[in-house]
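Q: Line by line, the protein sequences are chains A and B. The numbering of the first sequence is the UniProt record's numbering, which starts it at 1 and goes up by one. The numbering of the second sequence is the UniProt record's numbering, which starts it at 1 and goes up by one.
Because the hints were derived from the structure by calculation, they are not lab data. One or more of the hints may lead you astray.
Stated by the list, open to error - Per the computed footprint, the stretches of chain A lying under chain B, defined by three or more beta-carbons under 8 Å from a beta-carbon of chain B, are: (1) 100 to 114; (2) 173 to 181; (3) 246 to 259.
Stated by the list, open to error - Distance ranges between label pairs, derived from CB positions: (4) B:S100 x A:D259: 18 to 28 Å; (5) A:D283 x B:P13: 24 to 34 Å; (6) A:R275 x B:T105: 32 to 42 Å.
As the list claims (entries may be wrong) - Here are the simulated EDC-like pairs of lysine to aspartate or glutamate, each with C-alpha atoms no more than 16 Å apart in a straight line: (7) A:K123 x A:D168; (8) A:K198 x B:D50; (9) A:K198 x B:D268; (10) A:K242 x A:D76; (11) B:K266 x A:D194; (12) B:K242 x B:D76; (13) A:K242 x A:D168; (14) B:K266 x A:E187; (15) A:K201 x B:D50; (16) B:K201 x A:D268; (17) B:K198 x A:D270; (18) A:K201 x B:D208; (19) B:K198 x A:D268; (20) A:K198 x B:E108; (21) B:K102 x B:D131; (22) B:K201 x A:D183; (23) B:K123 x B:D65; (24) A:K201 x B:D268; (25) A:K266 x B:D194; (26) A:K266 x B:D195; (27) B:K201 x A:D50; (28) B:K198 x A:D195; (29) B:K198 x B:D76; (30) B:K242 x B:E225; (31) A:K201 x A:E187.
All values reported here derive from a predicted model rather than from experimental measurement. Glycine included, C-beta positions come from ideal geometry on N, C-alpha and C.
Residues per chain are reported as follows:
Protein chains: 2
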Amino acid sequence: MTTTSLTETLRLPGGPVDLTTYDSRATPGFHGGKKDQPAAMEAIAGGLSDHQERLYAGGLTGTGDGRVLLVLQGMDTSGKGGTVRHAVGLLDPQGVRLTSFKAPTAEELEHDFLWRIERALPKSGEVGIFDRSHYEDVLIARVRALAEPSEIERRYDAINAFEQELADSGCTVVKCFLHISPDDQLERLRARLDDPTKHWKYNAADVDERMLWPRYQQAYETALERCSTDAAPWFVVPSGRKWYRNWAVAQLLAEHLADVAPAWPKADFDVDVERERLDATADVGS
Amino acid sequence: MTTTSLTETLRLPGGPVDLTTYDSRATPGFHGGKKDQPAAMEAIAGGLSDHQERLYAGGLTGTGDGRVLLVLQGMDTSGKGGTVRHAVGLLDPQGVRLTSFKAPTAEELEHDFLWRIERALPKSGEVGIFDRSHYEDVLIARVRALAEPSEIERRYDAINAFEQELADSGCTVVKCFLHISPDDQLERLRARLDDPTKHWKYNAADVDERMLWPRYQQAYETALERCSTDAAPWFVVPSGRKWYRNWAVAQLLAEHLADVAPAWPKADFDVDVERERLDATADVGS
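Bound-form chain A, shown alone (with noise of 0.2 Å):
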């Protein structure tokens, strides 16, 4: 990877995390503006497209064991959903696994934590993608304190774990921050009660988290501190522009898809015999 990666761009440094300190309408790492996205999402689409290929390829015959879990974070409207269709949407479905998180289950809560996310993890070949995820559990679980805090607080050590095990067993996780500003999501929210075709999205328990915007910021920085390894960092994706996300959130995959890619997997038979057998069946259907 060089030097000039936009994994290396937004990755987020050790150290003390003040959320404030970035701008999230910032474009770092994307030459040009939003007029230029178009030309450059297409321009990651082809070696995504290849580099997934190799991947799932690996994972079906067997022959290599790699696999990507993105996971992706933020506070309502910094637009999960519209990432995983701009930029998730961008991958082959099959050989795609999606999981979107939402309030534990009555089954869930009976088990650890990390049981629901263990279970929707990606298989050799595969790219997981994680709408909300484990993170959850020291985010609104700290804010909302739905656990007692010494169970929060064991929660960072075990995430840390958890995504080291993972990373030695061969998957790649991808941890992206989709940061907005308070004024970004007062206007996200304005605009989806202007308009009808959005009320859907809108809802007034959305008013309410807001309200504890501070404390969230606070559980984030923390959960971003405490949980960017080496095996599992962080990524701090300015999402005040939708279309800068977009692109960020997809040329981080293809970064990192490429980095995990193998080669083509070898035949696994003869192929001079395998064109012998098959010229014999040229006239199978008459």
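Starting from the known structure of chain A, fit chain B onto it as the hints suggest.
A: Below, chain B without anything else, positioned relative to chain A:
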């Protein structure tokens, strides 16, 4: 739906089916040739996206119970995977539920053949995609005698009853038979042998299956004839030209989604009240 819809054009007529009378390289309903296909795909994408989002919104808000199931069947190399990539790939991954059916597992074999199918059905608001399906249980199962003749015989009626129930419950079933000729298949298998980046797609068993071509065609003819119902008709998609096949399945999806997409859900909250609540949070981040 107008009388010139592709739905009407490709719908299997009643009566005995003779697949040799279908030209696999025909392009019914498409105006122009290969070079016009990308623009045609783009023309489909917008409406498809809008209608899928309405369907999804209905499911999410509980205001609509519509759902769609696309069934893809066809001989090896007919392009089920390519169709998923290029036609299904136009859909928002959020809202798509894709299942690729392989040879049944030991657990699946302990149940009725429809057991695993029921578990993979789309929920309200979703578009389910079956890459192979319950039809394998009257296709390879018949040709390879994987079940008693009386059991195979029973399955046709079981499938019709199952699909009727599906339709009654609000699920639109779109069954596509991707039709290729023996020569199309020969050419594609040769291409896989000739190209090392395609070796992983080749399986020596493909030739064994190919040798049974006439018996498979007969099994398909029987399945198409007996299981094309008003509730769940079959569509015969000429698939000798990949670009046409991709367009045709996308267009069939688009027409059916347009038919079932509900209006946008109405707000279940007071918009003015919410505007005021939201305005009161304008400074929440400062």
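Q: Now tell me if each hint is right for this structure.
A: For each hint, the structure was consulted:
1. 100 to 114: violated (count 1)
2. 173 to 181: Coverage by chain B is violated here, the residue count being 1 at a Cβ distance below 8 Å.
3. 246 to 259: n = 0 at 8 Å, threshold three: violated.
4. B:S100 x A:D259: 18 to 28 Å: holds, 26 Å
5. A:D283 x B:P13: 24 to 34 Å: The hinted range 24 to 34 Å holds for D283 (chain A) and P13 (chain B), with Cβ atoms some 29 Å apart.
6. A:R275 x B:T105: 32 to 42 Å: holds, 33 Å
7. A:K123 x A:D168: holds, 14 Å
8. A:K198 x B:D50: Holds, at roughly 12 Å.
9. A:K198 x B:D268: holds, 12 Å
10. A:K242 x A:D76: holds, 14 Å
11. B:K266 x A:D194: holds, 13 Å
12. B:K242 x B:D76: It holds: about 14 Å lies between the C-alpha atoms, which stays within 16 Å.
13. A:K242 x A:D168: violated, 33 Å
14. B:K266 x A:E187: violated, 21 Å
15. A:K201 x B:D50: holds, 14 Å
16. B:K201 x A:D268: holds, 11 Å
17. B:K198 x A:D270: holds, 14 Å
18. A:K201 x B:D208: Not satisfied, since the Cα-Cα distance of roughly 52 Å exceeds 16 Å.
19. B:K198 x A:D268: Holds. K198 (chain B) to D268 (chain A) sits at ~12 Å (cutoff 16 Å).
20. A:K198 x B:E108: violated, 42 Å
21. B:K102 x B:D131: holds, 9 Å
22. B:K201 x A:D183: violated, 50 Å
23. B:K123 x B:D65: Holds: K123 (chain B) and D65 (chain B) sit about 8 Å apart, inside 16 Å.
24. A:K201 x B:D268: Judged against 16 Å, a Cα distance of about 11 Å means the pair holds.
25. A:K266 x B:D194: holds, 13 Å
26. A:K266 x B:D195: holds, 11 Å
27. B:K201 x A:D50: Since the Cα atoms of K201 (chain B) and D50 (chain A) sit roughly 14 Å apart, the hinted pair holds (cutoff 16 Å).
28. B:K198 x A:D195: Between K198 (chain B) and D195 (chain A) the Cα gap is close to 48 Å, so the pair fails against 16 Å, i.e. violated.
29. B:K198 x B:D76: OK: K198 (chain B) and D76 (chain B) at ~14 Å, within 16 Å.
30. B:K242 x B:E225: violated, 25 Å
31. A:K201 x A:E187: holds, 14 Å
The earlier numbered hints that this structure contradicts are 1, 2, 3, 13, 14, 18, 20, 22, 28 and 30.
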